[in-house]
Every structure is written in structure tokens, then in C-alpha cells.
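Top to bottom, those sequences are chains P and D. Under my numbering, think of the first position of the first sequence as 1, with each following residue one higher. Under my numbering, think of the first position of the second sequence as 1001, with each following residue one higher.
Worth flagging that the hints you see were computed from the coordinates, not collected in a lab. For each residue, glycine too, the CB sits at the ideal point set by N, CA and C. One or more hints might be untrue.
Pulled a few chain P residues facing chain D out of the computed Cβ check, cut under 10 Å [what the hints assert, rightly or not]:
| id | residue |
| --- | --- |
| 1 | L43 |
| 2 | I66 |
| 3 | V139 |
Some chain D residues flagged as far from chain P (calculated, every beta-carbon gap over 10 Å) [to be verified]:
| id | residue |
| --- | --- |
| 4 | H1031 |
| 5 | E1032 |
| 6 | V1035 |
| 7 | L1042 |
| 8 | P1059 |
| 9 | L1142 |
| 10 | T1146 |
| 11 | S1152 |
| 12 | S1153 |
| 13 | D1217 |
| 14 | I1242 |
| 15 | I1244 |
| 16 | P1247 |
| 17 | V1248 |
| 18 | E1250 |
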Amino acid sequence: MLKSVKEWVLLFIIIGFMVLIGNWIGYSVMPFDALPGIITLTLISLAGLIIHQLVPYKKIPSIAYIGILAFILTIPGVPGSEQIVAWTTDVNLLAIATPILAYAGISIGRSWDLFTKLGWKTIIVGMCVLLGSYLGSAVVADIILRMQGII
Amino acid sequence: MAVQALNMWKDWRLHVLVFAIVIVTEFIGIHEIQVGPGVILLLPMLYAVIIGIGLFFTPLVKEKQSINAEPLVFISVTLLIAKFGVQAGPALPQLIEAGWALVFQEIGNLGTIFLALPVAVYLGLKRESIGMTHSIGREPNLALITDKYGLSSPEGRGVMAIYIFGTVFGSIFMGLASGFLATITPIHPYAFAMATGIGSGSMTAASLGPLVAAFPDKAETITAFSGASNLLTSVTGLYASILIGLPVTEKLYQVMTRKKDQDSEKSSRVVS
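So here's chain D without its partners, still in its complex pose (with noise of 0.2 Å):
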């Protein structure tokens, strides 16, 4: 994504309100909640994009404030990816000892399938599941999708409800979740780390703070291992999709529809 705007800086609305939520959001500091043996972390961060939506309806917000705001997450996030960096050059011989399971976590990501589309098809739905399940449903496979199938189609439409789903709900829920499921699994947070690169900076940074801030004496190792994680999916992510995933979610879509509904089957062979 480039950053072709110019004059964002003169947005003054716009910084002093994100300003305002940083101040009030860091002063509330981090609280925890126990759900049982688990932990849930509430992070300024998870405040700050309540706040965010919350202010959207109100007069202070204009739709230019809304609309310069995209390019600004997308500057800010350059950010935390140098700080990745950083923290990853000294973590080098950590990650050379751990290449593999960066590596082969990336084939990870596949478990969306897995889980997702089984999930999709027993509550009804048809292609559209194809679009929605086949990854994470970012800018690049929103690209890929209507590049193959078209953004009206039914998989189009489909990827294009799991990118909104994302865009508003996938950092909050990501914060909410990332913290819960390290504290309540026995899967080690350094594992939790290389999953938090997953194609989306701000759901990379809404679940990677919960990890820091529940293993403070692991920070240095968790960061790195995400920043890797993160800079391979950036990377590899979308061939990943158009190689394995899309390939993959459309084949097992087929055999479980072929099972349970013969119609729905030949019907959805005319679209491919």
C-alpha cells in the first residue's frame, strides 16, 4: 500500500483526537480479568479502537478525519514493524535455532480451512464459504478473490464479508482472544508468538500485547519471534493462498458438498 495522500499532517482533528485517546487510554493502563484459569487482558490498545469506533458517531469525527485515518494506521504500523526488527537482530541465533517452526507455522494459517469451512458449510452456506474461509481475508486476498472469481460472485461476496468482519471486529477479537487462549493451553507463548504474524499489522499488534504484557520476561524473545512471523507472512502469504490455500479450501469444499448435497454440487461445478 502506498501512501499517495498528501497533507495528512494538517489533520489536526484527526492527531489531537488520536492524541486524547493515547493520553486517557494510557492512563487507564492494562487490567486483567480471570475467566476461570484463564486471563483476559483489556490493553490500552483494545481501548483505544473502542474509543476509535465510538468517536466515529459523534460530531468530533468527519468523514476526512475517517478516511485520512487509513493511511495513518498504515505509517504508524511502519513503526512497530522496525521495532520488530530490532528486536529480531539480536534474537538471531534464537531464530536460526527455531527456523523450522517459523517456517512451517506459516502452513499454520491453513488451520482457518480446517476449521472454518466445515463450520461455513454445516450452516448453510455455499460458495460464498470458498471466499470466506480459504484465509484471513486481507487487502491481498481480497485482490486475489476478485481477480479469480470476480467481487460480485458468490465467493466474492464472501470474502468481502469476512474482510469487514476483520477490519472491525478481527483486532478486537484478536486482543480478547490472544491473551485467553496463551494463558488457558498448554501451547508455550513462544509458539503463540510466531502465530501472531497473520497478515494484518493491526490484529499482529492486537495479539501479540496481550502475549507481552502476561510474559514480561519473555517480551524480547515473543517480539522477535512475531516480527519473524510477521515479515515471513507479509512475504509469503499471499503465494501460500494462491498455491495451497485457495487450491485446498476449494477441494475440500467439493468432497464435504459432494457428501451432503448432491445439487448443490453439480450447481456449484457450472461456477468453476
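Chain P extracted, bound-state conformation (with noise of 0.2 Å):
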């Protein structure tokens, strides 16, 4: 456990770097003004990454923690939650991205070989798959959000 704690936080100072320096390079705010946005986020995750380990129920994916977490902390009204909006909204999402995709990249290089025998069919029922389930969603939301007048 303590191995564990000890791995993600060096793992969070790495990423987390790289994230303000992104942050910098792409959308032009300076690593300081970031820094305690993304030692925010860490701290939650980390947070929620623990409480995963500790409670034995484990149906509950650890984001499930992570994201209730920090979705309470900011709730209006929830002591401290004005100043961690503010701190976080210097981190912006897509510099977040970026090195999630550059890892998932080097990843997936592995299933190349796999990949490559995969066929025709299988693209096109794999495309397919990904829009039904996209656009699936994308409708039925738009219908109910219109049908309340909210968009």
C-alpha cells in the first residue's frame, strides 16, 4: 500500500510536469500560475486511487471515487470549493490529454501485429460500433435536452 502511494506519487510529479509544461507550450499559461491546479488534481486522484485500495468492495472503479470526489469539493456552497475551481481552471483539458494519448500511443504500438490481421470487416463493424454508440447517445440526448428547452 504504502510501495503503491509511494509509485503514484512520483508517477503524478512525472505527469504532472509534463502537463504544465503543455499547458504552457500549447495554451500559454505559465507553469506557476498552474502549479497548485495540478497538485489539486493530483491530490484528488491520489485520494481516490487510496480509498479504492482500502475499501474491499472493488466493483467501484477507482475513477468512480475520483470523480464523485471532485465533483463534491466543487459543488457551490462546499467550503474551499471557489478557490479549487479557480486553481483548476489553469489546467486546461486538452494539455491533460496530450501525454494520456502519448502514453496510450507507445501502448498500443504492441497490438499492432494484431491489428494489421484484423481485416475488413472488422474496421468497418468496428466503425460502426464506435458511431453507434456516439451518435446513439448524441440523440437521444439532444432529443430529451430540446424536449426540457434547454438547448
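Could you fit the two chains together into a complex? Lean on the hints.
Okay, structure coming up:
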């Protein structure tokens, strides 16, 4: 447990540093301005990972704890919520996404051989699978949002 | 997914490579391609995944880096999830207002069955198509199909094929498709935001990115909706597959193949 926490902290420092630099190059936010935000996000993530380790019931994924924790901490009226929102606003979402997909790319390379063996039928069905889920949700959401007059 | 492997932080080769990718891709920046009335957004994250795959085939990346990269995707995704959460809190009133849309769009994830299953059957795929189209085929669904049919069954081969497809191509495809669809269809960006929770962290990031970039004035609400939908899918997605997705796919497959081919319908009954 302690070893895991140490490992996570070190990894978050590495990833956080990359996000700060990416955030600076791509979105012109000075690293020191975004530092409190990235530290906040890291602490929330770390707390979620630790809660997941401590709770014996493992069916709830750790990202659920992280999402809910971050959500609760920033509900208007919760002490400190405004400060957390102000800090984390400086960390651009796209700056977080870039290192994720860079790691993903390097990890994906190993599946490339399998991928090239898939055949054209799988590729077509695969695109329909992704589009179906995405468009299906979007259409349902759109209809209901319009019915409610939100959009 | 638990991260058990230790000392991944010491894999400096991996981190330096990723850092280099981040620097290069962020310098390239965001570009737009006009395609008819729509726009395809090219984001740094899209270049990053392609450069990452490319680097795998150079001597710079060894098997070890590629193996270590996988849990690092998970660790870095947690920061994205935290970012989702802190955007969602302040948007609580909007989330409550849009609550029904958020809940019901989960059912929209079943759209994959109605779009992809007919295509798969039309292309002549047999029971593989059940594994392929009952969901978007990420890890929980791989486990579900393996549990129910076994990984070497036709259904198992099907879900495995889509898993591999999604792993390699999913984020690239969603990254290109999401911004384009949002600019050519009359569907509102908020509805697309809710659709980005499809049960895969990197695909969510890839499909959300172009929305945020294309509608900067709506970015905060888009992120909040996306985060809420992502959370809902991560908790309910597997149960939706077990209770609705898989039975509906089975049923629809039987209806469609009965019309198409009596023989294959009989043989499939033996399997089920």
C-alpha cells in the first residue's frame, strides 16, 4: 500500500510536470500559475486511488471515487470549492489529454500486429460500433434536452 | 484496474519520450481542416497517439516501455477524471436540469447494436457479430463475453477483434469523427458532450477534445456533461451490457438471421 502510494506520487510528479509544460506551450498558461491546479487535481486523484485500495468492495472503479470526490469538493457552497475551481481552471483539459494519448500510442504499438490481421470487415464493423454508441447517445440526449427546452 | 507494477517511475526512457512528444505536439498546435460544411480538428493529442505508435517501431521504444505505458495511461487518465469532476461541481444546477438527458443517453450507447449488428450480419459475419456489436467492447465487455461464451468461441473472437480495433484505432477515429459530426449535424454540442462517456478514458478524451476546441465559449458545460456521462457509464456500463445490451443483441441477431438464413439460425441455437 505505502509502496503503491509512493509510486503514484512519483508518477504524478512526472505527469504533472509534463502537463504544466504542455499547458504552457499549447495554451500559454505560465507553469507557476497552473501549479496549484495540477497539485489539486493530483491530490484528488491520489485520494481516489487510496480509497479504492482501502475499500474491500472492488466493483466500484477508482475513477468513480475520483470523479465523485472532485465533484463534491467543487459544489457551490462547499468550503474551499471556489478556490479549487479557480486553481484548476488554469489547467487546460487538452494539456492533460496530450500525455495520456502519448502514453497510449506507445502502449498501442504492441497491438499493431494484431490490428493489421483484423481484416476489412472488422474495421467496418468497428467504426459502426463506435459511431453507433456515440451518435446513439448524442441523438437521445439531443431529443431530451430539446424537449426540456435546455438547448 | 489496479496498478500493481512498481518502479515505473524509473522508466526514464519512456517518460522522456512522452515528454518530447508533448513538447513537439503542443508546438504544432491545433489545426483545422475544412471538409464541406464540417470541420475536422487536428489536436496535439491526435498527433501524440500517432507519433507514439510510430515510435514503437523505432529502436527508441523497447517492449518494456510499451508495457509500462499501459498503466501510465490509467494513472494519467485519473487526472482527467479529476478535471472532469471539478468542472462538474460548479455545474451542478445544469446537471440537475439536464439529469433526464444524462440518464437516458446511457441507453443511446445501445445504438451500437442497431447500427453495427445489421452491418455485421450483412457482411456475412455469424455469431462473431454478437461479440462485436453488443457494446463498444472495452475491458469490462471482454470479461463479460469471456465469462459467458469463452474467449475462443465465435462471440469471444468477435469481442476480441473489436477490442483490438478500439485499442489501436478508437481514439484516432473518435478524435477525427467527433469534431466533424458536431459541425455537420444539427445535434447540439451539449448532446455530443453527453455522448463522449463511452466507457474508455482515452476515447472520451479524444472525442471531448475537439468539442472543447470547437466551442470554447461552451467548454465548461461541455466538460461537465462529459464528466457526468463518463462517470455514469463507468458505473452503469457493464450492467447495461449484461441486462440490456447482450440480450437485445442475441434477440436481434436471431431475428435477422432467421430472415436471412434458416440454417445458420439452427446452428447458432446449438451454440447458445
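Notebook entry, point to check: Which of the numbered hints are not met once you compare them with the structure shown?
Noted result: none
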